Each structure stands twice: as structure tokens, then as C-alpha cells.
Amino acid sequence: MYRHLFKLIWNKRKQNFLLMSEMLVSFLVLFAVFTLLVYYYQNYKKPMGFEYKNVWLVNYSNGDKIHNGDSLKLFYETLKREIRAMPEVKDISLSSSNVPLTQSMIQNGFFYKGKETNNVNTYQVDDSYENVLQMKMLEGRWFNKTDAVTNTVPIVINSSLKEEVFGKEQVVGKIIGDDKAKKQIIGVVADTKFKGDYEASGMASFSRIDSSSIHWMGKMLIRVTADAGPAFEGRLYKKIAGYIENSNVEIEHLINKRKSINYFALVPMIVLSIVSCFLIINVALGLFGVLWYNINRRRGEIGLRRAIGATGRSVASQLVIETMILATFSLIIGAFFAVQFPLLNVFDLSTGVYMTALVLSIIFIYLLVLVCAFYPGRQAAAIYPAVALHEE
Amino acid sequence: MIRLQNIEKVYRTDTIETLALNSISLDVDKGEFLSIMGPSGCGKSTLLNIMGLLDAPSKGDVRIGDQATLNLSDKQLAHFRNKKLGFIFQSYHLINDLQVLDNVELPLLYRNTTAKERKQLATEALEKVGLSNRIKHFPTQLSGGQRQRVAIARAIVGRPEIILADEPTGNLDSAMGSEIMEILIQLNKVDKTTIVMVTHDENMANKTHRLVRLFDGAQVQ
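Protein chains in written order, with our numbering: chain A, 81 to 472; chain B, 2 to 222.
So here's chain B without its partners, still in its complex pose (with noise of 0.2 Å):
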């Protein structure tokens, strides 16, 4: 589903140079779950990146599905991230001037549907998550965990094949986190939705199918 080819990423600035991802190459199966563990400053967060096409590697390829990604000017890069990738952030990334409802609804504005299309979808996708009596509410109105179940309505509201989490539970305590977590594996078990999932947790990363370990940007385990 996801195939990285000798990703490596260097960051310059005037007078350093520092390579954040070393020579890392990963597939990753249709349908598995896949955690990325290691110490902050790893590359972990910069491996993921890649892989959702927000950042370009500075050598490698990176293909997913039958698509090189490598060539893709910035509105097909949109278009494909749209379509088939979705994306939860430790920190949410909610709008707070838009309803529950509208931020679920973000991703299909940037495609051809209707209002009607739109709200129908995000209610499916936030019943899903169990907030469906949370729509009309703001951000701000909301718990940690429930913001965060708006932001996975958002990531599976276009129905995308892939799922790229950014330590989805580290904001949280340990029963919201395994509230998210779950709601995470079904996800996997029911859609057989591909995840890939950063985290700095143990216990989060043993419920996933594989582990890939990073150290000072490179793959370790």
C-alpha cells in the first residue's frame, strides 16, 4: 500500500545541516496497522509527513498504491491527499470558529459534493465515533477525547484507504487514550482502513500489528 525507497530527508539552514531520516525503507501492507515508535527528534513525525505527501524527502521515493508521488505537481498532490489519505494530529487541528458538524465536513469541501452530501456524510462518520449528539457544538465545548473523535470523524468522513496518526493519544489520559486506540482498531478490523500511527506509547504501539522502531533517523527495529 505504501512503499518508502532509501527516504532520506536533510534539513539545511545557513550553517547546519541536519539529516532527519537516514536511508529508511518501508512497505506497508493494505489493510495493516503499523506503529512508528522512538525517541523525540527521531524523524518520526518527519517519516509520516512523507508518507501523507505534506513534506517532500530530500532523496527516495515514495509510492502509495500504485501511484509515484514523486512527480506530482502541488493540485495533484492535493487532489491525492483528499481522496485517499486522512489525517489525525496530536494537537487536533480543529477549526474553532466552525461547528463539529462543519469540521467533519472540511475534507469533502474540497470535492465535487453536495451540501446535502456533505452533511449526511459527516453524520455517518461522527455516529462512528460516537458524537453524533455533539454536532452543533465549538471545539472549545468539547473534552480532549471528544476532540479528538471529531478530528478521526474528519480524517474518515472522504473514506480514504489510509490513516496517518500523529501521537494521536498524547494529549490524552490513559482512558480517553484507549477510547481513541479502540476506535482506531475497529476502524482497521471493520474498514480494513490502512493506519500508520506515530507514538510515543508502549502499550499503544504492542495493539498494533507491527512496530518500526527509529533512532537519530534510522530504522531500528
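Next comes chain A alone, as it looks inside the complex (with noise of 0.2 Å):
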């Protein structure tokens, strides 16, 4: 039977054309709109790797009243103890600008034996950095006072960075850059998602804040007390822009900043699930259409092969196979360019994410197929031979 079906399909392909091309678009958006799903729901499960809850963000801008590095250093170390004096304060980190859950981005190459990784994000911080957002070493150790004095720049990398560039291999220790700028990983820390929920951790490499990179910063994390509220805020705010004169001083609480990246995220991933269900929705209704059509277009046929043998269930069972037989060309069609994404690697994916997706993407190709051709198929069991035949 299915040598006569393909025979019967292979003989109408020019009419088959449009319905498989119907199918195949179909297949592409599912596959673009399903990737990004996927994509977003596996970072989603993943750890953050930190804690924003009751850490502020300060934002400042110091200009360049003070010239001199290590006299700058010891204005912030002035500055950062009378905060930490403050009882609701925790602990407190001067960082570059690129702080968590916020869209500034610093991105540098990372370089071990003379091979360049990209997109590598870096982070300029302080000694107490890891504590203020609580992260997670996996390897080795964060900074302290003893890096100041060595004769190699000390770095921490995080997990996605070493299993990139070092496999299972053991880092730390390891000194990696040319000669004009050697450094040491001292620690490997646990990924941790600053880009929000949905976004992947990437690959990172934390520096400790030097004299040179000390003129650079402008924001400070604050990890503060479970009741720290608005009139510590106030204090917080009156002390800061006392301290730093003539600075715009703006403080924001991460938790905040969480919400406003993950819309951020969202809101592109809303719009186009809901672009492709109003397209899934007019492709159901134009296959549900052309299945009808060629049902009615083939009653003579559907007569025929009643009267010479076949069953109700047998006719709509090949109505329906028929139409399954379609899909499966338009997928197959479809899937070559689907494996395209990963094998190229274009959007830098993980190959996990692309295959889901497609899985995803023919199993809703065959279910959509499948309801919108049962009922066009039940009809045709219906139909009454005699009836059909006296039509034709």
C-alpha cells in the first residue's frame, strides 16, 4: 500500500508542491521559535551562580579629581570602610562597569598558547567582589591582599571558560598570555548567569581592580542586611555623594535589575511565539482547506476504491498516511536545513539546543498534520459509495 501511496503522491507532485511548502515554511519558524525556547529554557534551569537578592547597586561618577592611582585607591579604601561601618552593610566592591543584571558588556580575547578564545566577558573587581554576590569557587581561590605583590597578574576564570580553552584539565596555576602580559589563574568560580535567567553565562575572566584600572570604576555592589529599606538608602545616598563631591550618585537594588532583564528577554520571545501561533494557526486552517478540497475533489476516487474493497478506516487511514507521507518529505527537506545551524555553529549554540528544537519542531509538524487531516479523513469514510460514484 505505501508503494501504490508514494506512486499516487510522486504522480501529483506538482499539486502536492504548495501543500509541502506550506509544510516546510511551517517547519523553518517552528524550528527558529522552538531553538530560542529551548535556548532560554535550558539557561533558565540552570543555577544563577550568585545571589542579587539585598545587593545594591551604586552608580557614581568620580570624574578625575585625583590623578594619582594608589591616592585614588586609598579614597575608595577610605570610603568603602565607613560604608562597611554601616551596620546595615555587609560587605561592599568597587567593579567595572559591566556589573551584573545589566546590558553593558566588556568583551576581550583570552589567549593560551597562542590561541585566541573570543567573547571572553571581563570583569574588573575588588578582593570582596565574590562575597558581595556570593559566588561559588570551584577551584583554587579569589583574591585577597597577597596578589597585590606578585609578579604575575592573578586572574579567576569561570567553569565555561576552563572547559573551553583547558578541557578537564587542571588550571590553576596555570600562567597563560605573551610575555608584554603574563597572567596566573589562581581560581576557577561557578558560572554565573549576569545577563539574567535566560541568558547563558558565557565565558568570563575576573581581574583584580589595580592603580592603573582604578580611574575606570564607577559603580560599587553593596550586599546589605534582609532590613535594610529607604532610610538606610537615604543615609547610604547622603554619605556617598557627601564623600564623592559633585558626583551623580544612583542607587538601584539588583533584585530590579533581575526584572528588567529577563523583560527584556522575554519580550522578543513573546512576540515571535505569538507571530508563529497566529502562523501555525493559518497554516492548520489552509491544510485543514486543501485536505477538505482534495476530499471533495476525489469523492469519485473515494467511491471507487470503497466499491473494489476498501473500508471506511482504510480510506480515511490512506487520506491521512497520504498527507503524514507529505509532512515527512517537507521535514526531511526542512531538517537538512535545520542541521545546517548547528554543523556551522551560526548563532553559537550548543548542538543540544538545535537537535531538541528540531525534535520539538517535527513532532509539532506531525500532530498539527495529523488533527488537521483526521477529520477531512473521517468525512471521506463517510462517504457513501453509491453516492459518490452517482456524483462523479
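No wet-lab data here; the hints were simulated from the structure. The structure displayed is predicted, hence computed values, not measured ones. Cβ atoms here follow ideal geometry from the backbone N, Cα and C, with glycine treated the same way.
Derived lysine-lysine pairs resembling DSS-like cross-links, with alpha carbons at most 30 Å apart:
hint: 1; chain 1: B; residue 1: K120; chain 2: A; residue 2: K87
hint: 2; chain 1: A; residue 1: K87; chain 2: B; residue 2: K76
hint: 3; chain 1: B; residue 1: K120; chain 2: B; residue 2: K193
hint: 4; chain 1: B; residue 1: K85; chain 2: A; residue 2: K87
hint: 5; chain 1: B; residue 1: K84; chain 2: A; residue 2: K87
hint: 6; chain 1: B; residue 1: K84; chain 2: B; residue 2: K31
Stretch-level coverage of chain A by chain B, calculated; a stretch enters the list once three of its residues show a Cβ under 8 Å from a Cβ in chain B:
hint: 7; stretch: 381-393
hint: 8; stretch: 455-468
Put the two chains together into one complex, using the hints given.
Structure follows, in C-alpha cells:
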């Protein structure tokens, strides 16, 4: 029977072309939507890797009032000591502008044995940064005062960067970079989703703020007690504004920043899902209409098949299977294009994301086709052979 | 071979009730070639459809061979039609998207036969109707007479005991019609196939063993 159906489909290839094209386009759109959804879901399932609750972000501008790096460092040390002395403050850290849960991003290459790994997020941070964000050390240690007097620049990397560059190797103590800028890995920290719940942590490298880089610091992260409220926020503002004269000081809460950045990720996903829902409804109605039309056009054939020995059920099955075969052809073509994404690494997503999206899209298209073919198939089964043959 | 007893067929709509067949009783013997004649709308095709189990009577009983057909399920009816009956229609009812050989193979698809067996039986049937040189053609590439011969090949490919032909020469000119009639006569004579044929053509009907005439749904001869 399958050979017969293949012949029938092949001989009607011109009529079937549009139907197959419709299914192919639907598959490709679904594949895009599912890829995005799977990517977001896989990221969402992973732990944040840091604690954003009760962490406040202070934005300030210190201008260029103190030119000497060491003097500026001392200036900030005094400020931090004063802030830390407040009872609601647990710890405080300076940070480069790419603080967690903001869109700000600083990326550099990571050199090891002459090979450069790109798109590595680079953070300039304090010794207390790990404690403020409650990050998890996996190997080695975080920065401390002893790192101020080493010959090589100490860095901490995250586990994604470690896996990408070193695989399963032991990395603590390794020297990286070229002769001009040698760095030593002193620790590996767990991945942190600094771009919100739905974005991947990416590769990251942390280095300690020194007297040359301290000029560019404009952010402070402060871990506060759970009962720290607006009254404390007012006192904190006054203290910082009083200390850094003529500065624009702004205090934000990371818990609110998380909501904002998640919206930023969710909005395109929701828009794309709504668009694809409309598309799927259109495709479903189109498929349903085409199949319905086909059945009316083929009433004579259906009547004949019933007359020569087909049961109502086998007629219905034939129509459903025919449509499923057409869907299979479309999906084979669609899958050919879909597998190019992981093979060519188009969007730098893992193969697992693409493969899951591919399987989900295939299942969805088959279900859609099955649902759309089922009712017209049942209608065909109900056609009385004498009536169908007479109409013809 | 076929026994119809008190067959009545009523078509009902919301407002009208039409009596298409009124108390028809008819016996067709094994190996008989019977023709049914009558004016348009007298119920000839309805009677043939009831004999072919394509339509159910409103009243009465249909027996084919030893089999009472009244209470057969859809599956049993389909199986019975496939094994015992062959159909020939005025408008051929060939599937234009299938080649001649595939059209002839169709009834065998609903049996447990291999592709090889199907091809062999279909080729034999086409040889019988003189179309073995047209197996790769599509129906649209054939003349009316050739199409009807394909339809006959399809009707006989499963070696049914009964062939039901609804105006098989109705769409053909007289020469083609005679050719088709000759094939049916040969099938009846050589293979002893029972044939019931609906026709408008008195000459064709005269070539059969027996003629039944219907008028307004009732048997008048």
C-alpha cells in the first residue's frame, strides 16, 4: 500500500508542491521558535551562580579629580571602610561598569598557547566581589591582598571558559597570555548568569582592580542586611554624595535589575511566539482547507476505492497517511536546512539546543498535520460509495 | 447466484419521499448474463448498486451466493465486494494520477497479495482486454474505449464471480461499444462470470441471456 501511495504522491507532485512548501515554511519558523524557547529554558534551568537579593548597585561618577592611582585607591578604601561601618552593610566591592544584571558588556580575547578564544567577558573587581555576590569557588581561591605584590597578574576564570580552553585539565597555577602581559590563573568560579535568567553565563575572566584600572571604576556593589530599607538608602546616598563631591550618585537594587533584564529577554520571545501562533493557526486552517478540498475533488476515487474493497476506515487512513508522507518529505528537506545551524555553528548555540528544537518541531508538525487530516479523513470515510460514484 | 426479495428503496429529504424501487424480486443464476433496461430515473442504477452492496435497500433482502448481506458490517461488506464482485462504470472511474497497470492493480491492494503477484495478475487482465501494450500510459492518454477496457481489466483482475456493469457502453460510439460488449460476452462464455449489465441500448441488451425492464421503480418484464 505504501508503494501505491508513494506512486500516487509522486504522480501528483505538482499539486502537492504547494502543500509541501506550506509545511516546510511552518517547520522552519517552528524550528526558529523552538530553538529560542529551548535555549531560554535550558538557561533558565541552570542556577544563577550568584545571589542578587539584598545587593544594591551604586552608580557614581568620580570624574578625574584624583590623578594618582594609589591616592585614588586610598580614597576608595576610606569610603568603603566608612560604608562597611554602617550596620546594614555586610560587604562592599568596586566593579567595572559591566555589573551583573545590566546590559553593559566588556569582552576581550583570552590567549593561551598562541590560540585566542574570543567573546570572553572581562570583569575588573575587588577582593570582596565574590563575597558580595556570594559566588561559588570551584577550584583555587578568590583574590586577596597578597595578589597586590605578585609578578604575574592574577586572574580567576569561570567554569565555561575553563572547559572551552583547558577541558578537564587542572588550571590553577597555569600561566596564560604573552610575554608582555603574563597572567596566572588562581581560581575557577562557578558560572554566573549575569545577563539574567534566560541568557547563558558565557565565558568570563575576573581580574583584580589595580592602581591603573581604578580610574575607570564607576560602580559599587553593596550587600546589605534583609531589613535595609529606604531610610538606610537615604543615609547611604548622603554618605556617598558627601564623600564624592559633585558626583551623580544613583542607587539601584539588583532584584529590580533582574526583572528588567528578564523582560528584555522575554519580550522578543513572546512577540515571536505570538507571531508563530498566528502562523500556525493560518497553516492549520490552510492544511485543513486543502485536505477538505482534496477530499471533495477525490470523491469519485473514494467511491471507487470503497466499491472495490476499501473500508471506510482504510480510506480515512489512506488520506491521513498520504498527508503524513507529504509532511515527511517536507520535514526531510526542512531538517536538512536545520542541521546546518549546528554544523556551521551559526548562532554559537549548543548542538543539544538545535537537536531538541528539531525533534520538537518535527513532533509538532506531525501532530498538526494529523489533527488537520483527521477530520477530513473521517468525512471521507463517511462517504457512501453509491453516492460518490453517482456524483462523479 | 444473486437473489433479491421484495427490494424497496426510498429516498427521503425533509419534504419529499421518493420511491426509487418498489418491491423488486429477482434471481440471477450463476453464469447468467442479465441486462436491465428502462428509461432514465427508473431505478436501474439503484438496483445495480443494491446488488453490488454499494447501497442498502430500505426494505427487502439481498443474498449473493449463500451469503445474506443484510447484517454485514462495513468491513465484511468491503471484503465481500473485493472478493466476489467486479464493477464497471459508464464514466470508467479510473484514477488519472495512476498508470494503467496501477489502476488495474487497485482491487488487489485490498487483499494480501505481493507486488509481484499484483503485477502478474494485472498484466494478465490487461492482456485479456488487449491492452498489454498500454500499461505505462496514464488514463488521460487513452481513448474512451481503451479506458473502458482498463476498467474491465480492473473489474476482472481479482477474478470475481459477478461483474456489475452500469452502462459500460454509454459513453462510447457504436464500434467501441460493440468491442466492449464482445469482451463482456467472452468473459461470460469463457470464464463463466455472472454479469449484470444496465444499458439503454436495446441492441446490447439483446446480446445477453435475459432482459429485465424497469419502469418507475417496478419490474415490468
